[in-house]
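*Asks:* Construct the entire structure; sequences and hints are all you get.
Listed below are the residues making up each chain.
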Amino acid sequence: MDNRFSPDAATQLGIYRRMALIKANDERSRKVIRSGRLVMPYYSPRGQEVIPSCISACLTDDDYICTIYRGTHDMLAKGVPLRDLWAELAGRVTGTCKGKGGPMHITHPASGVMVTTGIVGSSMPIANGLAWAAQLKGDGRVTIANFGDGAANIGAFHESLNLAAVWKLPVVFVCQNNEWGEHTAYDKTSNVPVAARGGAYGMPGVRVDGNDVFEMYHAARTAIERARAGEGPTLIEAMTYRFFGHVFGDADGYMDKDRKAAAVAADPVPRFRTHLIDSGIADEAQLAAMEAEIEAALDDAVDFALASDFPEPVELTRDVFGEEVAA
Amino acid sequence: MDNRFSPDAATQLGIYRRMALIKANDERSRKVIRSGRLVMPYYSPRGQEVIPSCISACLTDDDYICTIYRGTHDMLAKGVPLRDLWAELAGRVTGTCKGKGGPMHITHPASGVMVTTGIVGSSMPIANGLAWAAQLKGDGRVTIANFGDGAANIGAFHESLNLAAVWKLPVVFVCQNNEWGEHTAYDKTSNVPVAARGGAYGMPGVRVDGNDVFEMYHAARTAIERARAGEGPTLIEAMTYRFFGHVFGDADGYMDKDRKAAAVAADPVPRFRTHLIDSGIADEAQLAAMEAEIEAALDDAVDFALASDFPEPVELTRDVFGEEVAA
Amino acid sequence: MSRGAALAEGKSNILQSVNAALADALAEDEAVLVLGEDIGDAEEGGVVGVTRGLSTRFGEHRVRTTPISEQAIIGAAIGASLAGFKPVAEIMLMNFTTVAMDMIVNHAAKLRFMSGGQTNVPIVIRTMTGTGFGSGGQHCDYLEAWFAHTAGIKVVAPSSPADAYGLMRSAIDDPDPVLFIENLPTYWNQAEAAPSGYRVPIGRAKVLAEGRDVTILAYARMIQEATPALAQLAEAGISAELIDLRTIAPWDRETVLASVAKTRRLLIVHEAVTPFGVGAEIAATVGEALFGQLAAPVKRLGGAFCPVPFSKPLESAFAPRTADIVAAAQTLAAHL
Amino acid sequence: MSRGAALAEGKSNILQSVNAALADALAEDEAVLVLGEDIGDAEEGGVVGVTRGLSTRFGEHRVRTTPISEQAIIGAAIGASLAGFKPVAEIMLMNFTTVAMDMIVNHAAKLRFMSGGQTNVPIVIRTMTGTGFGSGGQHCDYLEAWFAHTAGIKVVAPSSPADAYGLMRSAIDDPDPVLFIENLPTYWNQAEAAPSGYRVPIGRAKVLAEGRDVTILAYARMIQEATPALAQLAEAGISAELIDLRTIAPWDRETVLASVAKTRRLLIVHEAVTPFGVGAEIAATVGEALFGQLAAPVKRLGGAFCPVPFSKPLESAFAPRTADIVAAAQTLAAHL
Ligand SMILES: Cc1ncc(C[n+]2csc(CCOP(=O)(O)OP(=O)(O)O)c2C)c(N)n1
Ligand SMILES: Cc1ncc(C[n+]2csc(CCOP(=O)(O)OP(=O)(O)O)c2C)c(N)n1
Ligand SMILES: [Mg+2]
Ligand SMILES: [Mg+2]
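Chains as they are written, first to last, in our numbering: chain A, 46 to 372; chain B, 46 to 372; chain C, 32 to 367; chain D, 32 to 367.
A hint or two may mislead.
To be verified - Computed list of lysine to aspartate or glutamate pairs in EDC-like fashion (alpha-carbon distance at most 16 Å, straight line): (1) B/182 <-> C/61; (2) C/343 <-> A/354; (3) A/233 <-> C/91; (4) D/330 <-> C/319; (5) A/233 <-> C/72; (6) B/233 <-> D/91; (7) C/343 <-> A/357; (8) A/182 <-> D/61; (9) D/343 <-> B/323; (10) A/182 <-> A/107.
Hints are computed from structural coordinates only; laboratory data are not their basis.
Remember, it's a predicted structure, so these values are computed and weren't measured experimentally.
*Replies:* This is the structure we're talking about:
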C-alpha cells in the first residue's frame with residue numbers, strides 16, 4: 046500500500062464530476078426514452094460510474110479508448126460532448142456519426158473514442174492496433190479496451206491479450222465485471238475470476254473494487270503508467286454491478302432481488318459525494334451547483350438533439366467507401 | 046510420486062508397438078512421396094511418437110479423438126487400419142473417406158477418430174461436443190482433443206477450454222508442443238507455457254516431457270481417469286520436438302541446427318526400445334520381429350492403396366447432403 | 032390477445048411457433064438438444080423468450096445455457112451430433128455468425144463430404160436478424176447468401192408461424208446442418224398456428240397468391256411488405272403472384288420457374304443488400320432457364336448497399352418497402 | 032530461369048511481384064506496415080516466401096510476425112489504420128478468413144459508415160487460395176462472393192505478375208479495406224513485370240483478347256484455363272473475347288457490358304462454386320442491362336457444388352478446365 050497512487054483533491058473533484066455526469070445522463074436517458082421523445086436501444090451503465098471516471102482521470106485527450114454498446118459512461122468520462130452524443134443517440138445529422146452509427150457505434154476521435162462495438166469482445170483486437178500505432182510512433186499514447194465479464198469468454202479476448210503481452214503493447218484491458226452478461230450470471234460461465242487470466246499471458250491481472258474510487262484510481266493509474274512506460278499491458282477486472290436489466294425494457298426478473306438491492310444501496314455516486322463533503326474537498330453548495338450545471342447541459346443537449354435534422358436519404362450512399370461507388 | 050501410474054510390461058510393449066508403427070509409417074511416407082508414387086501434403090509427426098502412444102494405451106476403442114493435419118501418429122495409435130489410411134492418403138475409393146478427405150481430413154469412427162481438421166484450433170470445440178454427448182449418455186467415454194502449441198493462441202482454444210471447465214466435460218486437451226508453429230518458434234508467440242493456461246479456466250494444467258513414456262503415460266492416465274470419473278477436463282502440454290520442417294518439402298532453414306540435432310539424438314523411439322531390452326521386457330529378436338511385421342503391413346498397405354481405384358467423378362455430387370440436391 | 036386465447040382460436044406467432052416446435056421435438060426425441068446464450072429459464076428462456084419453458088421441462092442438460100462463445104457453441108453442437116444427438120444451437124443474432132464461420136462453414140457443412148459419408152452433422156443453427164428496431168450496423172444483417180454459397184448446409188427463413196413450426200420440425204429431422212433464420216421484428220405477428228407435428232418440407236416454396244402478370248418472389252419480413260402490394264397492384268389492373276421462397280438453399284426452382292414461365296415477369300425482394308445477394312442467383316437461373324420467354328428483365332430489390340444505418344429515416348429507407356415493390360412491379364408490368 | 036535473369040529480361044512471377052509491391056510501398060511510405068503469421072525473415076519470409084526480405088530491410092516492427100490469431104491480426108491492422116497507418120495483413124489461406132469474419136465484415140468494412148465518415152480503415156488483407164495442390168476441403172475455397180456481398184470492402188484477384196504489382200500498390204493507396212486474393216498454384220508463372228510504381232486502378236477489368244462472337248469473363252487462375260481456349264475456339268471458327276475481371280468488387284460493369292453488347296454472348300468462369308457465386312451477380316446484371324439483346328442465355332461455369340475434394344481426379348474435375356470452357360463457349364456460339 047506504500048506506493049499507492051491516490052487522487053488529489055482536484056482529481057477527486059474531476060472524478061466526481063464525471064460520475065455525476067454519467068449518473069445524470071443515465072437518468073435523463075431513461076426519462077427521455079420513457080417519454081417517447083427518443084427511441085433507441087439503451088444499455089444503462091448505471092452503477093459502473095467509478096470505473097471510467099477514474100480511468101479518464103489518468104488519461105490525456107490524446108489517449109484512445111475502445112468501448113462497447115454499454116459505453117456512454119466510458120464516452121462521457123473521456124469527454125465526448127453532450128450535444129454530439131445526444132444528437133447521435135437521436136439519429137440526427139448533428140450527431141458524432143451523422144446519426145448513422147447510433148448508440149452502439151459512437152466514434153469521436155477528437156476525444157479519443159475510436160471504436161464502439163456491438164459485438165462482444167471486439168473492442169480488444171482493435172485496441173491492440175491503436176496501441177501498436179502508438180508503440181511505432183513512440184508518442185506515448187495509451188489505449189484502453191473496455192469490455193464486460195461475459196466478453197472474457199470469447200475468442201477475441203484470448204487472442205488480444207496474448208498478442209498484447211507478446212508485443213508489449215501500451216494497452217490496458219478493462220473488464221467491467223457487472224456480474225451479468227445479458228441474462229446470464231458470470232459465475233455460470235466461468236470457474237475463475239477474469240483477473241486470474243492475466244497470468245495465462247504473462248500479464249498482470251488485478252481484481253479491484255471498481256466501485257471504490259481509491260482502489261480503482263490506483264489500479265488504473267498503475268496500469269496506465271506501466272503502459273506509457275513501455276512495460277506492456279495490464280488486465281484489470283473492475284468489480285461492479287449493473288443496476289438495471291441488460292437493455293432498457295428488460296424486466297430483469299432473473300437478477301437476484303436482494304443482491305441488486307444491496308448494490309443499489311451501496312450506490313457509488315452518492316457514496317463518493319458524501320466522501321467529498323466529509324473530507325472537506327467540496328461543500329454541498331459546490332456539488333449542487335456542479336450537478337445543476339450538468340442538468341442544464343443535459344437540457345441543452347437533449348433540446349439540441351431533438352431540434353436537429355435527420356440525415357437525408359442520400360447518406361445511404363455516402364461513407365460506404367471514400368468515393369461513391371455504384372452498388 | 047506415490048500414486049504414479051506406471052505402465053506394466055504388456056502396456057509398455059503396446060506403447061512401443063505404436064511408437065514403432067508411427068516411426069515406420071513416417072519413414073515410409075517420406076519414402077513413398079520421394080519416389081513420386083504418391084503426391085500429398087505431408088506433415089510429419091516424427092519425434093512426437095510417445096504422446097499418442099501413451100494416450101491410446103489408456104483409451105478404449107470407444108473413446109474419441111479429434112486431431113489435426115499433423116495427425117497420423119494420433120490416428121495410428123488409436124487404431125486406424127493401415128490399408129484404409131494409406132488408401133485415403135492416396136486418394137483412393139478404398140480409403141477411410143473414399144479419398145475425398147485426404148491426409149488432413151481423416152475420419153474413422155470405428156477406431157474413434159471422429160474429426161481431423163486442417164484449421165488450427167478447431168479440433169477443440171468439436172471435441173467438447175463429443176464429450177458432452179458422453180456426459181449426456183453417461184457412457185463413460187472420454188474424448189481427446191489434440192492440437193499444437195501454435196493453436197494455443199487462437200480463440201477456439203480459449204472458448205473450448207472454458208466451456209469444458211464450466212460444463213465439467215470428459216475431455217482431455219493435449220497440446221503437443223513441438224516448439225514450432227509452421228516457421229515460427231513458440232516462444233515468439235507466447236510469454237508463458239501452454240500448461241499455465243489451465244489455471245485461467247480452473248482446470249489442471251500440466252507440462253510433461255512428452256518424449257518420456259513414463260511421464261507421458263502418467264499424465265495421460267491421470268487426465269483420462271479424471272475425465273472418466275466425471276471430474277472434468279485437463280490440459281496437458283506434452284513437450285516434444287518436430288524432427289522435420291512443417292510440411293514435407295519445407296527446407297527447415299529457420300530451425301536451429303543444434304537444437305534439432307540434440308532432439309534427433311534423443312530420439313524417443315530407439316531410446317524406449319533400449320529401455321525395453323535393458324529392463325528385460327523384450328529382447329532384440331522380439332522387437333525386430335515386431336518391426337518386421339510392421340514393415341510388412343506397410344508394404345501391404347501401400348500396395349493395397351496404390352492398386353485401388355480412384356473415386357468416380359460422380360463422387361463430387363455425393364455426400365454433400367444426405368440426399369442428392371441439385372446445385 | 033392473450034397467448035391462451037390465441038391458441039384456442041388456432042392462432043400463434045412466430046416466436047411461439049418456434050418455441051412449440053422445439054418443445055415438441057424435445058418431447059418426441061431424446062436426441063434433440065438445445066444450446067445457446069441465455070436460453071435457459073434461469074435466464075428467462077432467451078433474450079426475447081423463444082426458448083422459454085424448455086429447460087424447466089426438459090432439464091438443464093438438454094437445454095443448456097452457454098458462455099458467450101459462439102465457436103464453442105457450434106463446436107459442441109457438431110461434436111454432439113457426431114455422437115448421435117440432434118442439437119439446435121442458437122447464435123443469437125445473424126451478425127454473430129461471423130465469429131463462428133469456421134465451425135459452420137469449414138466443419139458443419141463439410142464433415143459429411145470430407146469423411147466420405149461416414150459422419151453427418153444433423154444440427155440446426157437458429158439465428159435472428161432484421162432491420163426495424165434501430166439497432167444499427169452490427170445487429171441486423173441478412174447474410175443468407177454466404178451460407179447458400181456453401182455446399183453442405185441448408186438455409187431456411189420462414190415468414191409465418193405455421194411455416195416456422197413446420198420448417199423447424201423438418202430442420203431438426205434433417206440429416207444435415209440447417210441454418211434457420213428468424214426475423215426479429217415480426218416475431219409477434221399472429222396468424223394461423225400449425226397443428227402439432229406439422230412439417231414443411233425443406234426446399235419447397237409456397238405460392239401465397241396466384242396471379243398472371245408478374246411474379247413477386249420474397250421471403251422473411253419482405254413477405255409482410257409484399258402482401259399489401261398485391262391489392263395496390265390489383266387496383267392498377269396488375270395481377271401479381273406472390274411466392275414465399277421459405278427455403279433459400281436448396282431453393283425451389285420448379286415452383287419459381289413455373290410461376291415465371293406463366294407471368295413472364297419476375298421481381299425478387301429481399302432485405303439483404305442487393306449486390307451478390309440471393310436475388311442474383313435466382314435472376315441468373317431464371318434468365319438462363321427462361322431465356323427468350325421473359326417479357327421484362329428480372330428485377331431485384333434488396334437492401335441499400337451500405338451497413339445498416341441507425342437513424343430512423345435511413346433505416347426505413349434501407350430495406351425495400353411496399354411502395355418500392357408496387358413501383359417495381361408496375362415497371363415490370365409495363366413491359367408488354 | 033533464375034530470378035535475376037528473369038528480372039533482367041523484365042519478367043517476374045506473381046509471388047515476386049507481390050513482394051516487390053510490398054517492398055516499394057514500405058520504402059516509399061513509412062505508414063505502410065506488414066503483419067501476419069510466419070512473415071518475418073526469421074520465419075523465412077512467409078510459408079512460400081512472399082514477404083521474404085521485408086523484415087530484414089524494414090525492421091521487425093514494421094514487418095511483424097504474429098501468433099496464430101487471425102482476429103488479433105485483423106484487429107491490429109484495423110486499429111493501426113485508425114491511427115494513420117496502412118497495414119497489409121496476411122490471412123495465410125482464404126479459408127482462414129472464417130476465423131476473422133467479424134473483424135473483416137463487422138468492423139473493417141463498416142467503421143467508415145458507422146462513424147459517419149470520421150474514421151476509415153485503409154488496410155489490405157492478403158490471402159492465398161486455389162485448388163490444384165491436393166490440400167483438400169479446408170484450404171482452397173474461393174470465398175470472394177461473401178466479401179463482394181459486403182458493403183465497405185473491395186475485392187481484387189490478379190492473374191498476372193504486372194496486375195499483382197499494380198493492384199497491390201493501388202490497394203495500399205486505397206483509403207478503404209481491400210481484400211487481395213492470390214492464387215497459390217500460379218504464384219510461379221512468369222510473365223512481363225510491372226515497372227516500379229505501376230498502378231492498376233481498382234474497379235477496372237482488362238480485355239486480354241478481343242473477339243466478336245462470345246465474351247469469356249474470368250479471373251484468377253481461370254485466366255490460365257481460358258487462355259488456351261481462345262485458339263481452340265478460333266479453330267472452330269469462333270472469335271472469343273477474353274476479359275480478366277481483376278476487381279470483383281466493385282466490378283467493371285462498363286467494360287463487361289460493352290463487350291457483351293458486342294458479342295451478345297457471355298460465359299463467366301470462376302473457381303468458386305457456382306450457386307450464389309460471383310457469376311450470379313454478373314449474369315443478373317447483364318441479363319437486366321442487355322435484356323433482349325443477347326443471342327444466348329448467360330452461362331456460368333464454376334466449381335462443383337461440394338467441398339474441395341482431395342483425390343486428384345476429383346480435384347481436377349472440381350474447377351472448370353479449358354475443355355469445359357471451350358465446350359460452353361461453343362454451345363453459346365451455336366445460338367444464332
Ligand atoms: C459475439 C456476440 N455474441 C453475442 C452477443 C449478444 N450480446 C450482447 S451483450 C451480451 C452480454 C455481454 O455481457 P458482458 O460482456 O458482461 O457486458 P455487459 O453487457 O455486462 O456490459 C451478449 C451475449 C453479441 N453482441 N456479440
Ligand atoms: C486458423 C488457421 N490459421 C493458420 C493456419 C495455417 N497453419 C497451418 S499449421 C500452422 C502451424 C500450427 O502450429 P501448431 O499448432 O504448433 O501445430 P504443429 O503444426 O506444430 O503440429 C499454421 C499457422 C491454419 N491452418 N489455420
Ligand atoms: Mg457484464
Ligand atoms: Mg507446433
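*Asks:* Against this structure, judge whether each hint is valid.
*Replies:* Cross-check of the supplied hints:
no. : hint            : result
1   : B/182 <-> C/61  : holds, 10 Å
2   : C/343 <-> A/354 : holds, 12 Å
3   : A/233 <-> C/91  : holds, 12 Å
4   : D/330 <-> C/319 : holds, 7 Å
5   : A/233 <-> C/72  : holds, 13 Å
6   : B/233 <-> D/91  : holds, 12 Å
7   : C/343 <-> A/357 : holds, 11 Å
8   : A/182 <-> D/61  : holds, 10 Å
9   : D/343 <-> B/323 : violated, 47 Å
10  : A/182 <-> A/107 : holds, 13 Å
In summary, the structure is inconsistent with hint 9 from the numbered list given earlier, while agreeing with all the others.
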